[in-house]
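Given the sequences, and given the hints that come with them, work out the whole structure.
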Amino acid sequence: MTDLELSGKKILVIYQPWRKFSEGLHQPMIENLKKLGLKVEFLEVENPPKFQNKNWDDKLKNIYHRIVKKDKTYIYIAEKNHYNRFNLEKLKLFKNQKFDFVLIIKPDEFTPKFIKKASELGEITVGYIWDGIRPFFLESLHKSRKYFKYLYSFDQNDIKKFPELKMDFLTNYYVFDENRENYNAKELDLYYIGALGGKLPEQRRDLLLEKLLKNFTGKTEVKIHLEKNFLLNEYEKLKNPKIEYIYDYVSYHEAMEKTKSSKIVIDIRKKHHIGLSFRFFECMYYEVKLITDNETVKNYDFYRPENILIVDFDKIDEYQDQIKDFISVPYQKLPPEIFEKYSIKNWVKNIFRIGDYQKIEYLG
1 MTDLELSGKK
11 ILVIYQPWRK
21 FSEGLHQPMI
31 ENLKKLGLKV
41 EFLEVENPPK
51 FQNKNWDDKL
61 KNIYHRIVKK
71 DKTYIYIAEK
81 NHYNRFNLEK
91 LKLFKNQKFD
101 FVLIIKPDEF
111 TPKFIKKASE
121 LGEITVGYIW
131 DGIRPFFLES
141 LHKSRKYFKY
151 LYSFDQNDIK
161 KFPELKMDFL
171 TNYYVFDENR
181 ENYNAKELDL
191 YYIGALGGKL
201 PEQRRDLLLE
211 KLLKNFTGKT
221 EVKIHLEKNF
231 LLNEYEKLKN
241 PKIEYIYDYV
251 SYHEAMEKTK
261 SSKIVIDIRK
271 KHHIGLSFRF
281 FECMYYEVKL
291 ITDNETVKNY
301 DFYRPENILI
311 VDFDKIDEYQ
321 DQIKDFISVP
331 YQKLPPEIFE
341 KYSIKNWVKN
351 IFRIGDYQKI
361 EYLG
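To convert, note that position 2 of the sequence shown is 2 in UniProt numbering; the numbers rise steadily by one, no gaps.
Just so you know, the hints here were simulated from the structure itself, not pulled from any lab data. Don't take every hint at face value.
Here are the simulated DMTMM-like cross-link-like pairs (lysine to aspartate or glutamate), alpha carbons at most 20 Å apart as the crow flies [to be verified]:
id: 1; residue 1: K315; residue 2: D168
id: 2; residue 1: K106; residue 2: D168
id: 3; residue 1: K50; residue 2: E89
Now the structure itself:
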């Protein structure tokens with residue numbers, strides 16, 4: 001798997017300042033980058049001091065924003081500043097090193113001061129946004145833009161909405177796994193794991209999934225993760241044996257084991273972006289069918305209606321015949337050149353524009 005154009009290059013990966021979970025997305029990324037021959041360092045930001053809004057500057061600004069501007073979002077900026085002070089101390093561990101590349105994931109979550117210091121460690125610094133840009137972090141990202149040689153987003157809407165950021169388009173990717181399973185050997189007929197989405201009826205994904213499960217036969221596994229900000233009382237939970245509510249995070253490895261042993265996976269788009277989640281590429285890799293409400297997937301060269309069914313979950317009853325047909329049609333294998341285009345190997349070559357690679361494009 002070693003790539004001659006990447007082998008021996010040094011890269012510092014910086015990812016999510018305060019929401020890094022054990023066995024999250026960063027671990028398979030780092031493992032695969034190492035397999036490609038890159039010398040990888042990762043900024044370890046586990047177990048930061050708890051945010052309590054004790055910094056006087058941020059405290060006064062938060063009061064001003066809440067009372068004078070009637071803006072309650074500054075607290076998120078104060079939280080970001082708190083964790084970035086911790087991150088700056090961690091960054092000092094690399095002060096005597098020099099990297100070929102610095103890769104910052106979700107750069108809107110880092111302060112300009114932090115990004116400036118990080119960029120001084122590398123020949124090329126790149127930012128990649130694999131989630132929607134939150135409005136209250138936009139000003140900070142504008143100030144940081146000058147420190148990036150390239151800045152990428154997976155969301156065409158954000159690229160068009162913020163032209164001054166000069167962002168290029170890039171999708172997510174799949175990582176390599178030696179234990180891929182044959183489609184016909186799948187044990188689960190349907191699999192979903194994800195957050196509740198919110199407590200309002202129009203936000204709750206469990207309500208959408210219950211409508212789908214009502215007419216879905218076969219072996220299913222649906223898990224709804226309840227985060228501390230979106231806890232449900234017992235009486236608010238659905239009394240549906242096909243839906244399980246969980247409080248602990250499921251590791252990436254466990255989620256992938258379930259994905260590759262499933263025939264169909266559900267993807268529910270977040271309302272604030274149109275970018276394709278990792279599920280699309282994981283399902284592509286494991287040859288798993290996908291039911292989604294993200295209709296922009298039609299604008300990608302890997303889209304096949306035999307493999308991906310686009311629905312409106314609010315009107316799922318209208319899709320019952322289509323779902324039955326979708327289940328019965330065999331999975332259509334992708335041409336090797338398209339399949340390989342969305343690997344992490346081609347992704348990292350795209351993001352740093354190294355050597356021979358296939359450019360990833362949005363066809364819409």
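Evaluated hints:
1. K315 x D168: 34 Å, violated
2. K106 x D168: 14 Å, holds
3. K50 x E89: 15 Å, holds
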